[in-house]
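Q: So you can see what is in the structure, the chains are spelled out below.
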Amino acid sequence: MGAIYRREMHAFFISGVAYVFLTVFFLLSGIFFYNGVITSGTSDTSPMFGSMFMIVLFLIPILTMKLLSEEKKNRTDQGLLTAPVGLWSIVLGKYFAALTLFIIAESIVFVYAIILSYLGSVVWTTLLGNYFAMLFLGAAFIAVGLFISSLTENQMAAAIASMLALFMLYLIDNIAQTVSNEYISKAMLSLSFYTKFIEFTRGVFSLSSVLFFLSTAFLFNFLTVRVLDKRRWG
Amino acid sequence: MIEVRNLTKRYGDKQAVNDISFKVEKGEILGFLGPNGAGKSTTMNMLTGYISSTSGQILINGTDILEDPIKAKSNIGYLPEIPPLYMDMTVDAYLSFMYDLKKCKLPRKAHLKDVCDLCKITAVRGRIIRNLSKGYRQRVGLAQALINNPPVLILDEPTVGLDPNQIIEIRTLIKKLGKSHTVILSSHILPEIQAVCDRIIIINKGVVAADGTADEIARNITNEHKMTLRIEGSTHTAADKQEIVDAIKSIGGIKYVRADMERERGIYDYDVEADEKTDVRRAINDICRQKGWNILMLQLSNLTLEDIFLKITMGDGVEQKKTEASPKIELSVKDGELIASTGEAKEQKAAEADTKTETSASKSETNNKNKKKSGSKKGSEKDNKGGEL
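Chains as they are written, first to last, in the working numbering: chain A, 1 to 234; chain B, 1 to 389.
It is worth saying that the hints were derived from the structure and are not from the lab. Hints are not guaranteed to be accurate.
[Unchecked claim] Each computed SDA-like pair below joins lysine to any residue, with the alpha-carbon atoms no more than 20 angstroms apart:
1) A:Lys72 / B:Glu81
2) A:Lys73 / B:Asp88
3) B:Lys103 / A:Tyr5
4) B:Lys176 / B:Lys105
5) B:Lys105 / B:Gly135
6) B:Lys291 / B:Ala239
7) A:Lys73 / B:Ser41
8) B:Lys103 / A:Pro84
9) B:Lys14 / A:Arg231
10) B:Lys103 / A:Arg231
11) B:Lys103 / A:Leu87
12) B:Lys105 / A:Gly86
13) A:Lys73 / B:Asn149
14) A:Lys230 / B:Glu67
15) A:Lys72 / B:Arg265
16) B:Lys71 / A:Trp88
17) A:Lys72 / A:Asn154
18) B:Lys134 / A:Arg75
19) A:Lys72 / B:Ser41
20) A:Lys72 / B:Tyr11
[What the hints assert, rightly or not] So these bits of chain B aren't anywhere near chain A, every CB distance computed over 10 angstroms:
21) Ile82
22) Lys175
23) His181
24) Glu262
We put the beta carbon where it would ideally sit given N, CA and C, even for glycine.
Please put together the full structure from these sequences, using the hints given.
A: What follows is the structure, given as structure tokens:
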């Protein structure tokens, strides 16, 4: 797992994906920070985190798009799958590489917090709550993106499909409201990533939501392993 | 070292590999030979655990590849058909990655240096793989397989894309490695297999068509005396064929006669096969003299590995399996011509379908034309195969 993790980190930086991802993330979150916090004259960082849901949604597919699709396309998966490593090591090595980059990006909020501390008082508990909420959200989204990347050889297809999938997860609240059947509507709402995430920005640290994100991450990593395994049996 | 038992791989309806069994001992270099699509790569992919078998068992150093894949894989160095190289890495970084991936315990610096020296890539260690030529990429692929010094090396067409000098170098290297490793290599380059391998397995249509040293296989196939004759009959028409075939057939010891293509105007070639004891050349000559025919050519079939390969792979392996216990011996296609012209192949094939039962060539001749229509599907199937070679 370590070897794959290091290679992916290395690849993120030499392919330029890391720079694009970090630049766009810093730029957009900076705008939200400036507009949502500084110019509004508030020290409440929650609206900023609320807006950042969308950045995460559109940027994570860029991180995950080529993780497995490129391996398949260039037949480098043959090197990985015939090496003495398990499928979980391969998947998790890649998963944690993407997660690491996401954490680096997300940690920019501490810079904002420091800036904010000169202007007013920072509510560190809300900030940390939000920070971890976004981390769990990212962890779940990266697993979804990685899973989609394992399904195709085309990284653009992986990126677009991941964006669509994540966007559908975002829209699930709106769709749920149009469903007349109460049970289905409720079931759909219970899958809402956005609602669970927004709870955190309101200062509620919900353990069930954390578990929801983590189990989603686990589920999709598991599915990715299954996809790789199934390919051998195809 | 490597033991394969009844290995089968099915893709939906397609039987890619069908009940292959063989054993490779330590220090043996085994060559896999077969036309494209014969199942070489599929077999190698199963041996290395990249894909799994539908049924059957693979033991690498006594470890079942499906039961304990990690242990089994740690004994294998694999160079796939397309080397699994990350184009954006330098050679050094890539080899270092493979070193980590294989959890190699040998001293890193010294081991990587050894491998690079062995594959002669020391000069390009700092370069990005994308910028390397195909030959160098192939060598980096080989270097990658050698990392951690695995006792089993599986090389899928290791010399593809190399220039003649490099090919010789790599062959020498493989021979050298063969002394201390078990090597399986696949190729469709026959001289290569002949030069490097102790033993050859010819795979065709997913079954082992022949197994042994080149000499052994050749001996099996050339048990009978076979020859090709060009005889000028008296009328210079197709009617000659019938007469000549019947006449030759009447000679004692003849196993099989078949009229072949029209080589010169009104003159035909004949494939003749006699049993091992009889030399029928004189008898044929006598008959021709009596009847006033002229022998324009007599060629004994001396089989090279190439002939063997063509013989085995151009035949209908599936049909063979059904009718004969040991498929390798019985084929009677005249190969040189087969590649020369696919049209001929079609005709020969149709004729061959009949001569299988060893009926007279005349019957096959009359059927030939009908067969060409009815068997056109079969014929085109054969053509494809000819093309693949």
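Q: The structure should be examined with respect to each hint, and the outcome stated for every one.
A: Hints and how they fare:
no.	hint	result
1	A:Lys72 / B:Glu81	14 angstroms, holds
2	A:Lys73 / B:Asp88	14 angstroms, holds
3	B:Lys103 / A:Tyr5	14 angstroms, holds
4	B:Lys176 / B:Lys105	23 angstroms, violated
5	B:Lys105 / B:Gly135	29 angstroms, violated
6	B:Lys291 / B:Ala239	14 angstroms, holds
7	A:Lys73 / B:Ser41	18 angstroms, holds
8	B:Lys103 / A:Pro84	8 angstroms, holds
9	B:Lys14 / A:Arg231	16 angstroms, holds
10	B:Lys103 / A:Arg231	25 angstroms, violated
11	B:Lys103 / A:Leu87	15 angstroms, holds
12	B:Lys105 / A:Gly86	18 angstroms, holds
13	A:Lys73 / B:Asn149	28 angstroms, violated
14	A:Lys230 / B:Glu67	16 angstroms, holds
15	A:Lys72 / B:Arg265	57 angstroms, violated
16	B:Lys71 / A:Trp88	16 angstroms, holds
17	A:Lys72 / A:Asn154	9 angstroms, holds
18	B:Lys134 / A:Arg75	16 angstroms, holds
19	A:Lys72 / B:Ser41	17 angstroms, holds
20	A:Lys72 / B:Tyr11	19 angstroms, holds
21	Ile82	5 angstroms, violated
22	Lys175	24 angstroms, holds
23	His181	16 angstroms, holds
24	Glu262	48 angstroms, holds
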